[in-house]
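Peer 1: The primary structure of each chain is shown beneath.
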Amino acid sequence: MTGELGQLALCFALALSLVMAGAGLWGARAEAQAARGIGNGAAMGMVVFVVLAFAALTYGFVTSDFSIALVANHSHTAKPLIYKISGVWGNHEGSMLLWVLVLALYSALVAILQRGGERLTSGALGIMGLLAAAFILFILFTSNPFLRLDPAPFEGAGLTPLLQDFGLAVHPPMLYAGYVGLSASFAYAAAALMVGEEGWARAARPFMLIAWIALTAGIALGSWWAYYELGWGGYWAWDPVENASLMPWLIATALLHSALATEKSGAFRTWTLLLAIAGFSLSLIGTFLVRSGVLSSVHAFASDPTRGFFIMILIALAIGGALALFAWRAPTLQGGAAFDPVSRETTLVLNNVFLVAACACVFVGTLYPLVLDAVNGTKITVGPPYYALTFAPIFFALMLLVPLGPVLGWKRGDLKAAWRSLYPALGLAGIAALAVLAIVSPRGVVATLAFAVAGWLIGASILDLRRRKGARVSAFAAALAHAGLGVTLLGVTGATAWRSEALQVMAPGQTMTVGPYLLRFDGVTREKGPNYIADRAHIALMDGGKVKAMLEPEQRLYPAEGQAVSDTAIRTTGLRDLYLALGDDRGDGRFAVRAYVSPLAPLIWLGALVMSLGGLLSLWGRLRWRAREPVPQPAAAE
Amino acid sequence: MTPKKKRRLAFAAALVAVGAVLAVVVIYGLGQNTMYFRSPTDIAEARIAPGVAFRLGGLVQTGSVMRGPGAQVRFSISDGKSIVPVTFHGVLPALFREGQGVVTTGALGAGGIFEAREVLAKHDEKYMPPEVVDSLKRSGRWKEGGV
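Just so you know, the sequences run in chain order A and B. Per the working numbering: the first sequence = residues 1 to 638. Per the working numbering: the second sequence = residues 1 to 147.
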């Protein structure tokens, strides 16, 4: 029954999304008061029905209702409850339903908060209604999650074991909250083009912030998962799937900064609109890349070409439509306000130039192999050295510039005073560089420079925090986000430049050394998990003849799915990770063991957490001031 | 020209310059850092210089896997038509089995032996890397629904 209920709810949601689209767009006209009410109501109704549909599918997974084909193909009775629930989005159909759920939640939020003028909100809801209708149609016609199986199988096929992991249970909803969150700023931008309203950047800011926070956290979760689950000691591989999430993040970051300038000083009006359109377009392209099966990875669920085709049409309509609207209406908008070459606006221009350039590099590196394959069937991959050559220097330059922005005034800044106020940060940069040269071997130019830049970023953030002492908490947001960037840079540098690794085939009783650690292999036992069988290695971390700790990396075999995954063992001091992965069986109780020591690795994710926290602070400040109150002029400029 | 127009022109010129530099770096980067995918038959048919990195994929030849000494592993990759011997120093992915699809990166060493730096993990018994499927199709050894 629940399957049919879910299907029915989704059909109602489709009807309501169409009402929302029609009434919302009509309500963007000045006199259409009544339509605006209908649009708001439809948004609230749609979220109810989408939640119902999603709940129905979740119920099917939790109760292992194998008469639903999707549940039979992707679940198993022996799976722990949390992975039954995460199994809902661990497949193509369910993940599309999750996409629509997030979109419906954002629409409801737009309708409730009513930020910006009535006409602007109504237009934005109309655009979101169009998107919701398109995606629900996509689900109903090409990827229906509620299709039945007759007869129902006795047992399900299980979920890819790699996805049976806490990090990956949370990663997709997080990333979707980011991807789809950009639809709200996209919708506001399109609505602003329609009604010619200028306050849209301020109205859409909370949605940009939510999207950015979610993207930051989602990317960090994904990379953390890759680190502890895949067993190769790395955290980022410039895999196309990773790039697909990085590109919207880069543009969302650019958008946050550009929109701030638009809001505070009226600069870059049209550019900000264009960024809002580009951000969501990249989200759509990311979804297409990841979900259509053009890339081979754990993420590629769909193999049905009609789906890829449908998403492609959808992307073309959304991007093409928005750009056409932009080309038609943007010239009618008031031009941006002028500013001095030495001003915060200039630093924001450079911020945007660098971020967009970095994004362009990732875009080319990701899509070039696909294009080449489509054109003449040549199969190539673009490796990490490409990104080291293109992305890294651009991002480096960007980070050098970050501390300057907050100390320069809007419209016209004082470069000398700004520079002088940053001397302590410069000092910290110097200390960081000297510390690297003095303590660490082997010395490396890049690592030293990176530490100097990280010191520069963190030092400037501390200065910024001190300058705003006593201000509203949300005034600290930028400083926190920038400091987080510095912390992540420290982690990336440590884990890349000073990582040591060892690989050894070990018989019980043998020892190996990696970095400063001595490890003793005590053999492997066979263990039984809830739905897997594991070879668990017992490896002792030795300290002067005594056992300091036991580390137990595993190889797990999931019989239901016929797959095997490794489970690493990581011991961290907070500043250094000892990382063990169990390799293949070499016979006679001997196993290959791979060990890494990654200095500063935890800082990579700590930095991302600090960045997200900065975003949260800013969001909190935004939501506390109601939408239509006059902007409070902060004593210290934000 | 008004100062405003002048400034716009300067801005546009700067943008074009940045774009040009970016394009040069990107094109150079792509030229230096792309790796081609090759099947064993490609290697048999075309001479590939030793030391040039590429990706090699196919099926792990049954009976070819020899382990040791140490972390050394030797095996052969076949596409049903040609065979390439491979050496690898490292941990094999959990689902590395004889008769299964595999993709490795590395370069040819002396004597036509492929020295793999990386053997890519495939996590699913049923999963076959798309490149391998294509190369099996070309060598005529691909059967729909299983090999």
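There's no promise every hint is true.
Unchecked claim - Only pairs whose alpha carbons sit at most 27 Å apart, straight line, appear in this in silico DSS-like list of lysine-lysine:
(1) B:LYS6 with A:LYS379
(2) B:LYS137 with B:LYS81
(3) B:LYS81 with A:LYS411
(4) B:LYS137 with A:LYS411
(5) A:LYS469 with A:LYS411
Note that these hints are calculated values from the structure, not bench results. Everything numeric in this text was worked out from a predicted model, so none of it was measured.
Peer 1: Quickly compare the C-alpha distance for B:LYS137 and B:LYS81 to 27 Å and report which way the hint goes.
Peer 2: Holds - the C-alpha atoms of B:LYS81 and B:LYS137 are around 11 Å apart, at most 27 Å.
Peer 1: Verify the proposed pairing of B:LYS6 with A:LYS379, using a straight-line Cα cut of 27 Å.
Peer 2: Given pair B:LYS6, A:LYS379 is violated - Cα atoms ~47 Å apart, limit 27 Å.
Peer 1: Does A:LYS411 sit within 27 Å of B:LYS81, going by the straight-line distance between their CA atoms?
Peer 2: violated, 70 Å
Peer 1: A:LYS469 and A:LYS411 were given as a pair; does the straight-line alpha-carbon distance stay at or below 27 Å?
Peer 2: holds, 24 Å
Peer 1: Please verify whether B:LYS137 and A:LYS411 have alpha carbons no more than 27 Å apart.
Peer 2: violated, 63 Å
Of the hints listed earlier, those the structure fails to meet are numbers 1, 3 and 4, in rising order.
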